[in-house]
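Participant: Let the sequences and hints guide you as you build the complete structure.
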Amino acid sequence: MPKRLWMLFCRSRVGRSIFRVGLPTSNLERMQAAVSSFVLHIHPAKVHARTLKFSTTLGLGLISLYLFIILAATGALLMFYYVPATDQAYQSMKDLEFVVTAGQVVRNIHSWAAHLMIVFVVLHMCRVFYTAAYKPPREFNWLIGLGLFLLTLGLSFTGYLLPWDQLAYWAITVGTGIAGYAPLVGDKMKFILLGGHTVGQAALIRFYVLHVVALPAVMVILIAIHLWRVRRDGGLARPEEPEPTPQQMPAIALPQTKTYGLMELARGTTPSVGAPADDLVFTWPNLLFREILIFLFVFALVLVPAILWNAPLEEIANPVYPPNPAKAPWYFLGLQELVSHSAFWGGVVVPGLIVTALAVLPYLDRKPRGVGVWFSGQRKVAITIFTVCLLTMLTLTVIGRWFRGPNWALQAPWKPYVAAEERRP
Amino acid sequence: MSEGTGGNLNRRDFIRLTFGWAAALFATGASAAAGARFMIPNVLYEPDRRYKALKPDDYPEGVTFIAEIRTFLIRNGDKFRAVSAVCTHLGCTVNLSADGKGFHCPCHGSQFDENGAVVSGPAPKSLPWPAVSLSRDGRLVIDASQQVPPSQALVI
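Sequence order for the protein chains is H and B. Letter by letter, the first sequence follows residues 1 to 425 in my numbering. Letter by letter, the second sequence follows residues 1 to 156 in my numbering.
If you are wondering where the hints come from, they were derived from the structure by calculation, not from laboratory data. The beta carbon of each residue, even a glycine, is placed where N, CA and C say it ideally should be. Careful, some of the hints might be misleading.
[To be verified] Some, not all, of what chain H presents toward chain B, calculated at C-beta under 10 Å: (1) Arg127; (2) Trp170; (3) Val174; (4) Gly180; (5) Gly195; (6) Gly196; (7) Ala202.
Facilitator: Written out as structure tokens, the structure reads:
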């Protein structure tokens, strides 16, 4: 019944003016639907059958995109109540928690989606690396992806300060302190970032504007280019295929009374009308419905923890007393661990080298070996280096998260966690 | 425009191109410079670097933490000294160590001795000692914009 009503609407004058094609019934209409709709024309009318296979990408990029959309939507909702002033920010967090209907859950979704987005962006990057999908002609898209990764971190970092709780305040104090160690421009950069010498009102409003306007705007533009390039660079990376050997079509005695077009003529013993040629399948419904399914999965993935666990909110920011130990958010704990050894080497040199190495990777490693193949045996060196770096970062994060106690001293995670006594007369 | 003339530019095109590019570059550069300068505030609504504390006799013997300016005031009989409690590593507030003779940073584990010099940890510089002076109405003034050696004290 709803389908019939929909068809009826699509056939009306108004319906036709909006949707050029209704629910497609033939392959021609499926093609037209994908091409003529603004939302759907991101896709080509047909995609390679490999695209549909889950193991090709594990859907990681799409999941990251969905998380960004969820973040944008919940972020816009939060903006209705949040006030970026040092004396009101924390109160608006409390309002969201206790006064606003569904305020807590919206904040939880925003928080969980942000954490998950970092996870999935990193996983997506790993997928692209391990399937060698960054090699020519996709090297520039890898660069844009790297930019998107850094923007994701930047958005998380700027969003972190906004609740104006202890965690926020001291994480930002430490983070901007790291920026201050950059050579030559460090001090100036820190001053501009904070709008002063310390984390205060000027810093809060700057981080707020970066978080809700500047960074998302750049992000949207880069995402658009990223997706556009996926198509322009020939869809998902896939292994070199041997040219399809033209099959001998056995002569078929066609009745001379009919006229046949060559449309949709596939290889085989009969001209099979309606069957796709080659390995291409129609975007509608194959890819489209899978994408919608993945969105439902992502939404569930965010909603379940958001209902079960509240986003953390510590005491209101106290510019005098840092919590002991003062820990950065988990995705910066590897960095904090490095910084605890040396702010300049750990906070500037190592991250700088990592980003530079990732940026030049597709321009150095360009031999088309192992493209589209997971963990190709032809790329042992590259895969080993990448994996070692990844595991190192992971280990540092684990140490920072579970093995660091008060005063940042090493301690076993099962030891009772006692906050260090404050010794100030 | 006479294009494809083998690199020979006539005077009119030369002037056009020169002025066109100069104007475009100037507009871009000036906008970028103004935008960057815009981000540097000219007025800071931050507390004064000079802090007027209580009278000398209001402070007990030993170390007192003045929270407003994150500074330790050290009284040794009639001698007054002050040392910043802001860690030189990344700006956390240091604690007095257990024996009271040094400072510990809770964030990244830097340790300083009683003179504020780095003992261990990632801190790159020793803790600064702001100048302590006496105001006309007999109160202590701690001036973070002036740095003195650890041994220099205000003698009342």
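Participant: A separate judgement is required for each hint: does it hold in the structure or not?
Facilitator: Status of the hints after comparison with the structure:
no., hint, result
1, Arg127, "34 Å, violated"
2, Trp170, "7 Å, holds"
3, Val174, "5 Å, holds"
4, Gly180, "8 Å, holds"
5, Gly195, "5 Å, holds"
6, Gly196, "5 Å, holds"
7, Ala202, "7 Å, holds"
Violated hint: 1 only; the structure is consistent with all others.
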